[in-house]
Amino acid sequence: MVVVKAVTCPVCGSLCDDIELTIEDNRVIKVKNGCAMCEAKFLGYNGEHRILKPLIRKNGEFVESSMDEAIRKAAEILAEANYPVLYGWSSTSCEAIRVGLELAEEIGGVIDNTATVCHGPSILSIQEVGIPSCTLGQIRHRADLIIYWGSNPWSAHPRHLERYTNFSEGRFQKSAWRGYIAKIRALIGKKKLERAFKRIFFKREISAPPHLRREPPPTLHKEERKLIVIDVRKTKTAEMADYFIQVEPNKDYELLQAFRALVRDQELDVDEVAGVPVEYLEEVADVMVNCNFGALFFGLGLTMSSGKLRNIDAALSLIRDLNARTKFVIMPMRGHFNVTGANTVFTWQTGYPYAVDFSLGYPRYNPGETSVVDVLLRGESDAALVVASDPVANFPRKAVEHLVSNPLIVIDPHMNATAQMADIIFPSAFVGIETSGTAYRMDHVPLPLKKVVEPPNGILSDEEILRRILREVRRIKGEKAG
Amino acid sequence: MLGFKIKFEISRRENITHQGEEMIEKPKLKVTLLTGRTIEQGVGKEKGKMSKDYIENVSVCYMDPEDMKKLGIKDKTNILVSTKYGSIVVRALKSKRAPHPGKIFIPYGPWANAVTDPETHGIGMPSLKGIPAEIEPAPNKPVLSLGELLKQQFRKG
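Protein chains in written order, with our numbering: chain A, 1 to 482; chain B, 483 to 639.
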């Protein structure tokens, strides 16, 4: 039995690096410090849905094959394709991504990572406006106002609050955890009383819990760390917040611009913006201006809804305006553990963070044209390689229709919807469990991923599989040329 | 005694209205479809995208209890969600985060993406949140398994 300390968790963009694993007989038997997703990954990754042999589709059925045969077939498909798509990359190591880019250049394909359906609009906007940001450590120690906009860290980044923001014990800022517990206890007590009261006097089923108070509470002006959540629905994170603003769907842009006006001391001549009374917004703008160090985290609630990159333009501009009055930073809540790494490696290799087209022999970047969803919607690609991702589950149906109508090669440790539709599947080792590598946290801090157990017999890493495919592609092309 | 009488009255009246509605026409409701992450989906995907945990947690739709009343359905009844881009049967669950009338929530996954908007507005990003949708009860239609769903949509797999 060995205990491995300071393991980096390969699940979400928070990349918690304080996980302790207990290993016995080449198996993880205990996880300490991890969230629910982290535990599910370390304890359940080797479950029944693991693929252990390369599979090739023959007459509609999957047939087990040797690694060499699968590599040869995949290389043939990619070498012959005119306009292949190479997609995924956010759940593998930077080292594997680097080989993927080499492969894309070699075969003249379009290479795109999951940011394209995630924070792609944020990147576009950052390129236009610029981003005042910092590392999560700075926020942990100094930030006294945290805003989550269109993001629900309790579900998507469960330890974000505990490690980096309100519930973390910073050097200059105390954790708000105790206050939160007291608040929840009081709330539960109140709910119990209300329920008992209603049961006695009304004898009917209790429906929805009472809405959070909409008026900003006096506690919003306290000295300690404050949490404001802005979202279209009352998430668990919103329940933890000192103040929650429920914005009407697709109205984030209006709300952001209203805040910009208020922060510049301009007056709004309407009563309500996006379903929120202006007097409440004035009070929140006041809290923003009067904080010492504020941090705004935004999620897919801004990038996926109406306005998309323009929402982010407004958010970045709001932070710029706020910096004229106080200190404020902004950061996107990145989803996959190495999506930031994918953007970083793409940028240092090609100059562009995602949606890179090599079909003319040099990298070209024009999201909307060279982004994978658009290529698929226009029906232009004629083969695809998907690495550590599940676009069949996560792309809109029309885009998937074209993806699966062409030869599809998948590299993934697990069976998933995309693998089910594949023509060739390569099983791979789990990065951060069975093979080491590098990943970038959401604040662009690179962290090492550890190898804690041996992969099953014959299972290679993404990097090694890609290297072999690349070698084979070069051999096929060499034969053709000479 | 009085309480019991009132309860009885209410339940009888509800039955009548429900039956009446069903006889006239199937109730439909115009809503806004939101998609996103849930912790159950997050745990499920780490266990494996074919695991029961994942499948069961992404083929559902969280609804406001008042909206469920309007449709005349109970918790865990199947509903048909239709948008301009397709329709899908999912299991309706009572939202723990109510009230949010007129808004339904389906976690990210193949079921949600059967009805999301592929329009990228020239920047590569499909419109995956805040889509106008219509819902109706479909107690007799089954929620498709992942295999059935893929077969039905893409005739492969």
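No lab work stands behind these hints: they were computed from the structure. Each residue gets a CB set at the ideal place from its N, CA and C atoms; glycine is no exception. Treat the hints with caution; some may be incorrect.
Output of the computed footprint for chain A on chain B, the stretches with three or more beta carbons under 8 Å from beta carbons of chain A [as the list claims (entries may be wrong)]:
{"#": "1", "stretch": "510-522"}
{"#": "2", "stretch": "555-566"}
{"#": "3", "stretch": "588-595"}
{"#": "4", "stretch": "598-608"}
Outcome of the hint check:
1. With 7 residues bearing a CB less than 8 Å from a CB of chain A, the stretch 510-522 of chain B meets the requirement of three and the coverage assertion stands.
2. Proximity of the stretch 555-566 of chain B to chain A, defined as three or more residues with a beta carbon under 8 Å from a beta carbon of that chain, is not established by the 0 residues found.
3. Counting residues of the stretch 588-595 of chain B whose C-beta sits closer than 8 Å to any C-beta of chain A gives 4, which meets the bar of three, so the coverage hint holds.
4. Only residues whose beta carbon comes within less than 8 Å of a beta carbon in chain A count, and the stretch 598-608 of chain B has 10; three or more means the coverage holds.
When held up to the earlier numbered hints, the structure conflicts with hint 2 and nothing else.
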